[in-house]
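> Dock chain V against chain R, hints included.
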Amino acid sequence: MKRILVGIKRVVDANVRIRVKPDASGVVTDGVKMAINPFDEIALEEALRIKERGAAEEVVVTTVGPADCQQQLRTALAMGADRALHVQADGVVEPLTVARALLKLIEREQPLLVILGKQAIDDDNGQTGQVLAALWNRPQATYASKLELAGETARVTREVDAGLETIEVNLPAVITTDLRLNEPRYVKLPDIMKAKKKPLDSLTFASLGVEPRQQLKLVRFEPPPQRQKGIRVKDAAELVDALRKKGLL
Amino acid sequence: MSARILIVAEHDGKKLNPSTAKCVTCARSLAGAEVTVAVLAAEVAPVAAQAAQLAGVDRVLTVENPANLHPLAAVLAPQIVALAGPFTHLLGPSTTFGKDLMARVAGLLEAPQVSDIMAIESPTRFRRPIYAGNAILTVESSGEGKVVGTVRIASFEAAAAGGSAPVEMATISVPLPTHTRFFSVSAAKSDRPDLQTAARVISGGRALGSAEGFKILYSLADRMRAAVGASRAAVDAGYAPNEMQVGQTGKIIAPELYVAVGISGAIQHLTGIKDARTIVAINKDGEAPIFEVADFGLVGDLFQIIPEIERLLS
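So the protein lines, in turn, are chains R and V. Residues 38 to 286, numbered by the numbering used here, are exactly what the first sequence covers, in order. Residues 392 to 705, numbered by the numbering used here, are exactly what the second sequence covers, in order.
A few of these clues could be false.
[To be verified] Calculated cross-link-like contacts (lysine-lysine; reagent style DSS-like; alpha-carbon spacing at most 25 Å):
id : chain 1 : residue 1 : chain 2 : residue 2
1  : V       : K665      : R       : K283
2  : R       : K266      : V       : K665
3  : V       : K665      : R       : K58
4  : R       : K266      : R       : K282
5  : V       : K665      : R       : K282
6  : R       : K183      : V       : K580
7  : R       : K88       : R       : K235
8  : R       : K266      : V       : K675
9  : R       : K225      : R       : K235
10 : R       : K183      : R       : K39
11 : R       : K271      : V       : K675
Simulated from the structure, these hints should not be mistaken for laboratory data.
Looking at chain V on its own, in the form it has when it is part of the complex:
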């Protein structure tokens, strides 16, 4: 049986989120798979065009509906189920968008879901982290019925551009619920790279001491063209907003360079950075667990070291 995979595209109405290109790579890792990307939007054209350009995509399927203006799982899920008929696997990214949505799809289908897929070994065999990445579990589905999955995007490179898949408009008619309504979203506007896809990330912990203290990180990050992240402790303390949290319950990232500043390295944080190519730790406590995983460790006062690094780079 060859796999026919439907990937649910994540986007903001204009731009395709890079998480989708990573799902494509995950799907493509299964030899002979047929890969379709579904774009559900109020206006599908711009996003569908971007999805069609991803190498490895065979087809883009669109559903245009004003109800899809904001990504509400309760509204999107029945539409995905309506598209699901011919597919063996339904995948979405393991981002808050995909995690919220795909499990609802799985519930409607009463199908099994494999969360945080880090490898697809066969159409029925998947590897995923459990216990905050402290164990890797291989699971096997029966081969009957559909499998729903979320893709651990830190485990896959983004599919390259260069594709030219046909775009087809799907005609589905399913009743959509009105019991769930979008109200607002507040996202800090930043010119820095996106934390989830940045090649370089600098993260701060509680040792930064305040939101003010984080400014030295922002300044260095701008010099390095890096994104800025934070430990849970720093977010809980109000030094940084929630969308900056890196770790088991925040973002799982895989940058080329990760600089952990004043972060002790709780296991829940380390699970978010396991796939970083190079880890740098700067901490005044030489015994901090972060040094166990760091490629380069520097013990000292971050308030002296960070500005000095910035000077050395200018």
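The shape of chain R in the complex, shown without the other chains:
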């Protein structure tokens, strides 16, 4: 079966103001609104569109994380994923461990494509897709803003610093999404009801044969230094004057 595997992550909603805990042990997440990482939502949307075009038959969504992540998997099912796989994990899970778990799922599911967000907006690591592609020994096309499938290959346009780069990769491959790949759909209420009946399987690292490993200790979280609030100038002339005095013009 032509299948697409989509990885998602539960993160603090993009609109929440982040506060560091006073004891420097982390960021406040209790009682904070959580959501699917925005880039992963784009990944899922792309997979759904490929399926709707008839180029894939099944979209499987997965996440690695604590029990609460099932909320985001349900949302993904409501968006249109066919089934969900939850790999249970508590505490810090590094990209390498996530990639190892995804690789085990790939071995089971034999997907044509794996689509992930280019980075999670919480830890901003931006590694999982590339690490997975390395472990899998398959192509990676990161920062995708356009994805075209043609038989055994995919042509991917990537948002790079210089502009737009297009590469061609053999399938299967790992794709990571950038912002302008698509605009994810809204979930409709009837779909939320339907999603409750879709299969959601729970797995563990042990059942997958993955040994979680933490290679980086999280020593200390701090708020960033704040910028001093500046002054208001009344018009363009005063602004130009002020910048000239500072030697900036």
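Just chain V now, with coordinates in the frame of chain R:
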């Protein structure tokens, strides 16, 4: 244990990208570090010569292969792994080139990666921003095995010229994949300074209203010898191309002067300009969050203010 650091040079085949000189400064911040720059290219000589001239570089290691004509992570990563043996740290810039590549290197080595290093406190301790720069995290590696890192280039000055490091050609033989092929790149050619390294940057937001509206910024930028950037909203709306985007998911920059025009200042944008020396905000909404971080704020109609500034400068 003294650190032996390998920096993967970013270049376009002819010119070394300034991001590499910033990686050198990052590596040099570790006392006693030995710094090697790796140049992988189809033709290494011009880029290797530039890398050798960076102060603080001890050695330049080159790998010449026609397969390295375009920077494909899947092709470059196994070559870097083949070079990695003697090194304790493998660094690349936190640009799309380095982010794409280094994590693949980390995956091949099954080594930890520290993304967006803003400070190296010791061979095992690093500081990096998370949550779009709303928190700074200190991480510590075990000291065993290698550490891969990407360097947040806005956090470091470029290493000066004046070095004369020896250039050595590495002989490695690793099978390179053919499953990934370069097809094309479309980059807008511009005579303006490069956004990531410009001393002055003028950025526009959705308030510019159209691609046409951005013209007043280009005109002022040319007068000021500034680069032009854009907010995500402006790029999403099609007013400016993606390579102009400044922010969490675009470019992180540290110019001397940053002028935000018609940009409200979403947290994701502010994270891209935190290290700017002076921030100017021009916006018709006096309550816009951009004014919270601006050194100079001017409330008013940008379509009047921008041409007026240009007149005052001429």
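> All hints, please: hold or fail.
To see whether the hints hold, each was checked on the structure:
Under the criterion of a C-alpha separation no larger than 25 Å, the hint pairing K665 (chain V) with K283 (chain R) is consistent with the structure, at around 19 Å. This hinted pair checks out: K266 (chain R) and K665 (chain V) have alpha carbons roughly 13 Å apart, not beyond 25 Å. Note on K665 (chain V) and K58 (chain R): the hinted pairing holds, with a Cα-Cα distance of about 22 Å set against a maximum of 25 Å. Distance restraint check for K266 (chain R) and K282 (chain R): the Cα-Cα separation of roughly 19 Å lies within the 25 Å cut-off, and the hinted pair is therefore satisfied.
For the given pair, K665 (chain V) sits about 22 Å from K282 (chain R) by alpha-carbon distance, which is consistent with the 25 Å threshold. Annotation: proposed proximity of K183 (chain R) to K580 (chain V) holds, straight-line Cα distance about 22 Å (limit 25 Å). Taken as a hint, the K88 (chain R) and K235 (chain R) pair is honoured in the structure, with Cα atoms around 17 Å apart against an allowance of 25 Å. The straight-line distance between the Cα atoms of K266 (chain R) and K675 (chain V) is roughly 18 Å, inside the 25 Å bound, and the hint therefore holds.
For the proposed pair K225 (chain R) and K235 (chain R), the alpha carbon gap of about 16 Å is at most 25 Å, so the pair holds. Between K183 (chain R) and K39 (chain R), the direct Cα distance comes to roughly 20 Å. Compliance with the 25 Å bound is thereby established for this hinted pair. Among the hinted pairs, K271 (chain R) with K675 (chain V) is consistent with the structure: their alpha-carbon atoms are about 12 Å apart, no more than 25 Å.
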